[in-house]
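Each protein sequence line maps, in turn, to chains X and V. With the numbering used here applied, the first sequence corresponds to residues 1 to 336, in that order. With the numbering used here applied, the second sequence corresponds to residues 1 to 390, in that order.
Hints in this document: simulated from the structure, not taken from any laboratory. Because the structure is a prediction, the values reported are computed rather than measured. Beta carbons: idealized from backbone N, C-alpha and C, even for Gly. Watch out, some of these pointers could steer you wrong.
Counterexamples of contact, computed for chain V against chain X with all Cβ distances above 10 Å [claimed, not checked]:
(1) THR5
(2) TYR63
(3) THR79
(4) GLN80
(5) GLU101
(6) ASN105
(7) ARG113
(8) VAL163
(9) GLN214
(10) ALA276
(11) LEU295
(12) LEU316
(13) PRO318
(14) PRO327
(15) THR333
(16) PRO356
Calculated pairs, SDA-like style, for lysine to any residue (alpha carbon to alpha carbon, straight line, at most 25 Å) [stated by the list, open to error]:
(17) V:LYS126 - X:PHE102
(18) X:LYS303 - V:VAL141
(19) V:LYS125 - X:PHE102
(20) X:LYS12 - X:ARG63
(21) V:LYS348 - X:HIS156
(22) X:LYS204 - X:ASP236
A few chain X residues facing chain V, derived, Cβ under 10 Å [unchecked claim]:
(23) GLY109
(24) GLU121
(25) GLU145
(26) VAL147
(27) PRO154
(28) GLY173
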Amino acid sequence: MVRAESVTRSSKTALITGITGQDGGYLAALLLEKDYTVHGMIRPTADIGGSRIETLMHAYPGRVDLHAADLTDTSSLAALMDKSEPDEVYHLAGQSHIQVSFDLPEYTGETTALGTLRLLEVIRRRHKPVRFYQAATSEIFGEPEEVPQTEHTPFHPVNPYAAAKLYAFSLAGVYRRAYGLHASNGILFNHESPFRGPNFVTRKIARAAAEAGAGSTEGVALGNLEARRDWGFAGDYVEGMYLIVQADEADDYVIATGESHSVREFCERAFARVGLDYRDHVHQDPAFFRPVDITETRGDATKARQRLGWTPRVTFDQLVDMMVDAEIERIGHHGR
Amino acid sequence: MGDKTALITGITGQDGAYLAELLLNKGYSVHGIKRRASLFNSQRVDHLYEDPHMPGVRFRMHYGDMTDATNLIRIVQETQPDEIYNLAAQSHVQVSFETAEYTANADALGALRLLEAIRILGLEKKTRFYQASTSEMFGLVQEVPQRETTPFYPRSPYAAAKVYAYWICVNYREAYGLHVSNGILFNHESPLRGETFVTRKITRAAARIALGLQSDLYLGNLDSLRDWGHARDFCRAMHLMLQQDEPDDYVIATGEQHSVREFVSRSFAEIGIALAFQGAGLDEIGVIADLDPQLLARARNDEGTGGAEHADVESLSPGQALVRVDPRYFRPTEVTTLLGDATKARQKLGWSPAVPFGELVHEMVWSDVDEARQDMVVKAGGFRVRESRE
């Protein structure tokens, strides 16, 4: 039972795809604390000015290196591996917005599904063994056949994003068994933080609550308020990723809190944080309803707890408060 | 139903040929998509071809590619099909390990591109869609026999791509109300099966060994168990699925299982060679236990090819090894057993297979004997015989 923070310092090299995303930032910070050298893949058009990764580059001079590459370009991925020579690859990049995946299904497949394949192909042809982490997601359970979901729950993806993620999940397993690659899947349930993308529902609610607290009467339109999700804190979840990669045997793990809450509950808590009643500010808008939606996700992370010693620390209430507080601070800093 | 139009991707493949024939017989106009190559690759459907300059032509071919979305949109727009049968795929499991990206692009995203074409063109209400799913998706099987509710466990890049296509089809049915059905077809064979697939490789070798055109046969895992049906039967099921009021997913299988070794024995027995297997694993060999001169003579059809060209055949004698194992044909991860339960298709579609295993082997072997005899004639005429190599 080794908690992430007590592991001894190493001098390993990690490559993180999707380093500019929420999880990429938390994971980079965690690995840098552990003395890793961190390489990040960014898209050729990315602007990292003012981002968290830029802050980390200043905090850890010479230990963070960013490279332009793209998941749709195999030769750029091969060059990326040559430049970074990683011991561990954390593959977090992908078109990860569900609603967007209905509008850009082919691009989602190209990056999320085939992008993973291209990366695995490059890795399996390297001489030095490389450990691979695949960011799988609870979305692959879709409308789940059992609650809570474990590593043995059958998959039933209900959107193009989830279908692409299931392909990537399966392929990591194929490469593990076919080529002996240390390739593991972390089946992460929803995980949020103040750095969640602004178009994700939790971040939308947190910002709306903070703005309402500052006097705004604009309100916020949301999709299905009764949808129940297992929401954890991204900072806890990247520890799960790290522990999965350190395990002797590659395997697949569910990472979840084991609790589910409705979008309505999230609103309730967020607006209560600023002393308001969410019902005065939140309304349902059918435009945000997905063509097919999932009613409840709730994960059972027993395997990760038993084999990796992983448990989440931040509770639901703490998470909502943290997100609302961060939005209040942002408003304070930048005005509205 | 005489006025319907069907679009078949993968028209040049085994299933494409049987399905096109079936639909033409039912009065459909049939459009097929084939890839452009410098060589003709349409042998399987040449007999259906009609001169496009003649009026009333009901069979047309279009150049296209599953990796090209705009091309697919254009073909769907031009043909305005009532039914699309998506049979095109890089369908060779072993090859998918080497061309994993192409396999995913054609098999996984290709299906998505076609579904999107239907939406983009506003054909959601008109066009029904059949997706060629496969028993390979069950991979490391989670229950025996496999049915529609059995969880998938893909073991190859091919299977992973097909699972993606399966789910994207389910998703487009649920999200947009498209009439999309998956046929989860277990292995289905015929004389039109590609020559690199194990069944055809076996029946072809049996025929050619009988006629002295080939000396031995190398195979991979002889213990693999498969549920083998006839492609003609299975194509009937595809059509039935699209005639239902409600789209759905169906397992299509015979419910009978045989090993590769058994397929070999039955094939060689057809042409009078009784095999006995000795040894185990990589050292296992299939040797001639007994010869049936009458059957062999029938295969050689001496009066048909002049009789004098069979010098090599005389060397066939009991104890001789004809079948060997080559680890080259082992897959990095093997799917060892597949057995389907088509109860749902039987009950809801009224479908059942008509051709039993023995008849399938018989038809394939004697068709390959015919081809081998043609080669004998070519050889006797002093010409070189086409040799296909993997």
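Non-interface label on ASN105 of chain V, tested against every C-beta of chain X at 10 Å: violated (7 Å)
THR5 of chain V and chain X, when compared Cβ to Cβ, separated by more than 10 Å: THR5 of chain V is indeed farther than 10 Å from all Cβ atoms of chain X, at 26 Å.
Distance rule for GLU101 of chain V, whose beta carbon must clear each one in chain X by more than 10 Å: violated (6 Å)
Given hint PHE102 of chain X paired with LYS125 of chain V - CA-CA distance at most 25 Å: holds (19 Å)
Interface-negative label, ALA276 of chain V against chain X, beta-carbon threshold 10 Å: holds (33 Å)
Given as non-interface: ARG113 of chain V, which should sit over 10 Å from chain X by C-beta: violated (7 Å)
Least C-beta distance from THR79 of chain V to chain X larger than 10 Å: holds (21 Å)
TYR63 of chain V and chain X, when compared Cβ to Cβ, separated by more than 10 Å: About 21 Å separates TYR63 of chain V from the closest Cβ of chain X, which puts it past 10 Å; holds.
Hint consistency between LYS12 of chain X and ARG63 of chain X [alpha-carbon to alpha-carbon, up to 25 Å]: Answer holds: LYS12 of chain X to ARG63 of chain X is near 11 Å, not above 25 Å.
Restraint outcome when PRO154 of chain X is required to lie within 10 Å of chain V by C-beta distance: holds (4 Å)
Chain X versus GLN80 of chain V - minimum CB to CB distance exceeding 10 Å, so not interface: The claim stands: GLN80 of chain V keeps its Cβ more than 10 Å from every Cβ of chain X (closest is about 22 Å).
Non-interface claim for PRO318 of chain V, where every Cβ of chain X lies beyond 10 Å: holds (40 Å)
When each numbered hint is compared with the structure, violations occur for hints 5, 6, 7, 8, 15, 26.
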